[in-house]
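Enquirer: What follows is each chain in one-letter form.
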Amino acid sequence: MNANPKLADLAPAFDVERIRADFPILSQRVHGKPFVFLDSAASAQKPRAVIGAMSHAMETQYANVHRGLHWMSERTSDAYENVRDQVAALLHAESREEIVFTRNSTEAINLVAHSYGRGILKPGQAVLITEMEHHANIVPWQMLRDSHGIELRVAGITDSGELDLASFASLLEDGRVGLAAVTHMSNVLGTYNPIARVAALAHAAGAQLLVDGSQAVVHRTVDVQALGADFYVFTGHKLYGPTGVGVLWARRALLDAMPPFMGGGDMIASVSFERSIWASGPTKFEAGTPAIIEVIGLGAAIDYVSAIGFDAIAAHEAALTGHALSRLSAVDGLRIVGQAKDRGGVISFTLEGAHAHDVATLLDRNGIAVRAGRHCADPLMARMGVTSTARASFGIYTTHAEIDVLADTLVRVRSFFQ
Amino acid sequence: MNANPKLADLAPAFDVERIRADFPILSQRVHGKPFVFLDSAASAQKPRAVIGAMSHAMETQYANVHRGLHWMSERTSDAYENVRDQVAALLHAESREEIVFTRNSTEAINLVAHSYGRGILKPGQAVLITEMEHHANIVPWQMLRDSHGIELRVAGITDSGELDLASFASLLEDGRVGLAAVTHMSNVLGTYNPIARVAALAHAAGAQLLVDGSQAVVHRTVDVQALGADFYVFTGHKLYGPTGVGVLWARRALLDAMPPFMGGGDMIASVSFERSIWASGPTKFEAGTPAIIEVIGLGAAIDYVSAIGFDAIAAHEAALTGHALSRLSAVDGLRIVGQAKDRGGVISFTLEGAHAHDVATLLDRNGIAVRAGRHCADPLMARMGVTSTARASFGIYTTHAEIDVLADTLVRVRSFFQ
Amino acid sequence: MSQSHSFDDVRDLYQNIILDRARNPRHMHRMEPFDACAAGENPLCGDQVEVRVRFAAGTTVAEAAFEARGCAISMASADLMAEVVRGRDAAAMRSLAADFAELARNGVSGSADPAISTLQPLSGVSEYRSRVKCATLPWSALIAALDGAKESSHD
Amino acid sequence: MSQSHSFDDVRDLYQNIILDRARNPRHMHRMEPFDACAAGENPLCGDQVEVRVRFAAGTTVAEAAFEARGCAISMASADLMAEVVRGRDAAAMRSLAADFAELARNGVSGSADPAISTLQPLSGVSEYRSRVKCATLPWSALIAALDGAKESSHD
Ligand SMILES: Cc1ncc(COP(=O)(O)O)c(C=O)c1O
Ligand SMILES: Cc1ncc(COP(=O)(O)O)c(C=O)c1O
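In the order they appear, the protein sequences are chains A, B, C and D.
Each step along the first sequence adds one to the number in the working numbering, with nothing skipped, and position 216 is 216.
Each step along the second sequence adds one to the number in the working numbering, with nothing skipped, and position 150 is 568.
Each step along the third sequence adds one to the number in the working numbering, with nothing skipped, and position 4 is 840.
Each step along the fourth sequence adds one to the number in the working numbering, with nothing skipped, and position 72 is 1063.
Source of the hints: derived by calculation from the structure; they are not laboratory data.
Each residue gets a CB set at the ideal place from its N, CA and C atoms; glycine is no exception.
Hints may be right or wrong, so weigh each one.
Unchecked claim - With beta-carbon atoms standing in for the labels, derived distance ranges:
id	chain 1	residue 1	chain 2	residue 2	range
1	C	Asn852	A	Thr221	51 to 59 Å
2	B	Glu499	C	Ala928	31 to 39 Å
3	B	Glu435	A	Thr221	47 to 55 Å
Chain A on its own, in the form it takes in the complex (with noise of 0.2 Å):
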């Protein structure tokens, strides 16, 4: 049950203390406890770097950007544009080219549904999602099944909250699927998904991948070459980066293929009543002022990420995930919900005879915050045949002691409730 204990065997130095001297929030206290955020899943913690980068671009070079000839405008485009530079690094895309800025995972989500799904797709196919995705890798596809004519298909998951690979496989046998869009990570089971098998899969019926990685990216190094995925997305605020951002990674070839999204400045090289010209590469899909100080906060966070490494933040996480689990398994009365062999930091559990509505508001009460419901998961939970759950999850900053602190409280909340 130890998740990847190779990686965690490798242990590299890895000075937690150190880590959270970097994120200020984590010395607030709550309820007049120290702070345990256990909630990173959800959002991840700032570390002042972040804070520190949007600050000083606000307070000393700042303007928008693209439209002018003046220094502040310069220096504020190519601060920017340096960003695209370092997430095209991160996933070890092909090109800077290749990657959009949105508000978050969500918009590059709907940005491929409305713009692959409605200019590329055709009424008759279909998009594979699975049981494991989170809301905004469903709604989207839902919307384009009832305004565009495509099939909705589900690939189901197993009952230790694997992906189904012949459940995937059979749905893609007529080859009428255009599209699956499946997730890296998911955000309540913690399970990693095979994406290369599945992007195999995927490639040999003659659909397009898309890779929802809002939880992996956090957690390790991507390359979505190597995954061979075809889109690959991720939100800013959960990578320790700023709301407001977020991305969206697509081949060339399909970005070029797909008409724009939203209409605006900056996507367009001309503009007649009759007629517009849309611009080339990502900038068709950036519509307006961009998220310009978030996008400079992203690029710090990613510094700030690989400075550490993803090996290291790796090793760190299995190794807490692996405790977390003995841990809260020795829980009385305890389940967990998701037993996948390849999984991440993200624990979701019921506890017997006390809700997890009454379970998060006493940890909060001992400053433990998790987070309890449905995780924007709905069919998930009616497949794992649950109601809601509480779910622990865990970032750089995350101890051992304080998964000691909440699995040693967990056992009072539930003899609190018995």
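Assemble the complex: chain A is given as a structure, and chains B, C and D with the ligands must be docked to it using the hints.
Expert: Only chains B, C and D with the ligands this time, still in chain A's reference frame:
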């Protein structure tokens, strides 16, 4: 020519030097010269209050909103939702439930074009815009025209750069216009449009009215109910707020009738693979994790400008504009593009013998930031018979002395190119 | 790292009567026959409650009952609600629902309705912003049932 | 507030030869007849240039000319370009275009092409990031003309 002398005469106590001290970037030097920032219409600089509010949130009070039961999430949700009240008050909206947060004006208009345009307007109906619109208020309607069979009509403007109300009225006559979309203030000409009269014309012809307030909201009090608008949009970064956040205001009944734009978390009440039930209120249009920190920053910006007061701001800018018009008109060979009677602090001009690009470069080398080009308003440029202009635009921190430096330098630019 | 594990400070929320009602609800069953019925759902957590009402002589409540999957607060609230609405007509239930919503939000209610004292143990939710909905969910379902709706709208 | 008004530091950009060529271009006219033609546009500022080429014996340029509405840099660049391409075949023009793009971006070019010295006065744009496109716009149009396109793509 003095823009709005009545306001200027009020001249309330307005200490521009005190205000400048609130904007750290203004003490930067550019090319070794004092930084004279005359490009606020592209994007405004940020006061310490905004920068500080964002940093403070990330340092002491941050978690994802709407989703958590824990203290940090509740408090962050409070802070976020509180800004909805602030925006409602800023716009004199009937209810906070009419405020939708978007990325920027561009997204707000695209939201209406998608949701109202495809969901409510019927093929065969028309959208009516004007010759003085920004691309953000042109291209979304072209895309709607091309995908949805909506006619696009364009009301003319006069040679002095004012809306031709007769043209506007005649295009409404056949009753087929379902929506008119008009800028409140031109980002090129500085013209303020008589929105209350425009609204009366539109409503009499059975059309709704969208007002692009991107420029206007910065300079004067806006009362959407008094204006008679049905939709009003603005963008945070021009209002001294952060990038990455904008606002759509719409009458509640319209929002209720409109289908969602993007799908995902937060905008739904429940999801099953067969069917999702939309959330009610503005939430329906806020899919995924919103720009939490940026919304909080926008709240700080609204507090900041409200504390100064729009009467004082309008008076300051009217005085500045009057001064600039007289100083610039006196520059030999300088032609001001746009001579509207009711105008704000945005002045476009051409200089005989010198291309706008060259003008901007020479000004920049003297520390003066203006914009040069087509200002995301190609059709307007064609209408005014210019290929590009230089544009100086003013903010609350702009001084008379800066305008003098601009005018003096332009005289020398002119002789440089002669 | 050591953290205090006393839950004393949640006792205002989880009073004994709440815990008792949540564990052993008196009115949780699938009542048949019934005259009005509606379900409510809290989208945040997935809590569901279905409320059924039977009228005596067509105007006042003979019996109310519920079925639910929910947290302690919503269970206890539903159970106490079923108790206090007995003998009331629709108007009296609506006014009590409004009084209870006030109590849940503010911790106090200006109402002179004697039923408020029975519901008083739920006033602790006012200190727990996101839990207010748990307490009011059954009441929303009740109102929806009176309105003849099948599902209560959650806002 | 007082601001220095000397423009000395822009003299590397606006060398006299640039200002002269911009004011009095030698090759700006609507040349007829022509063998190849293309227009280019800079979306940032609206600058437009149309380049026309006539070949001698079908392979080398007999004459090049342009029409433009543009800034001093793009005008001067177009005019100098029309001068240096005379006598070149398509391959030689393409290689010179690449060399010039390097010069404009970096301020220097490793090219041994003698025409580079004629174009050298434009090297100052390298210090003005957003002006590089002004200098390269006519060259993009030229390449588009050689490709037989009607409009050069702007990136
Ligand atoms: C009149 C007008 N409308 C719309 C916009 C678009 O604003 P944004 O780029 O923030 O979406 C602008 C500014 O660029 C503008 O001046
Ligand atoms: C797997 C997954 N996909 C998508 C999202 C949506 O991210 P955002 O809300 O930032 O768009 C999330 C997080 O909420 C997630 O966990």
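Enquirer: Indicate, hint by hint, whether the structure satisfies it.
Expert: Against the structure, the hints come out as follows:
1. C:Asn852 <-> A:Thr221: 51 to 59 Å: holds (53 Å)
2. B:Glu499 <-> C:Ala928: 31 to 39 Å: holds (33 Å)
3. B:Glu435 <-> A:Thr221: 47 to 55 Å: The hint (47 to 55 Å, Cβ to Cβ) holds, given that Glu435 (chain B) and Thr221 (chain A) are roughly 52 Å apart.
When each numbered hint is compared with the structure, no violation occurs for any of them.
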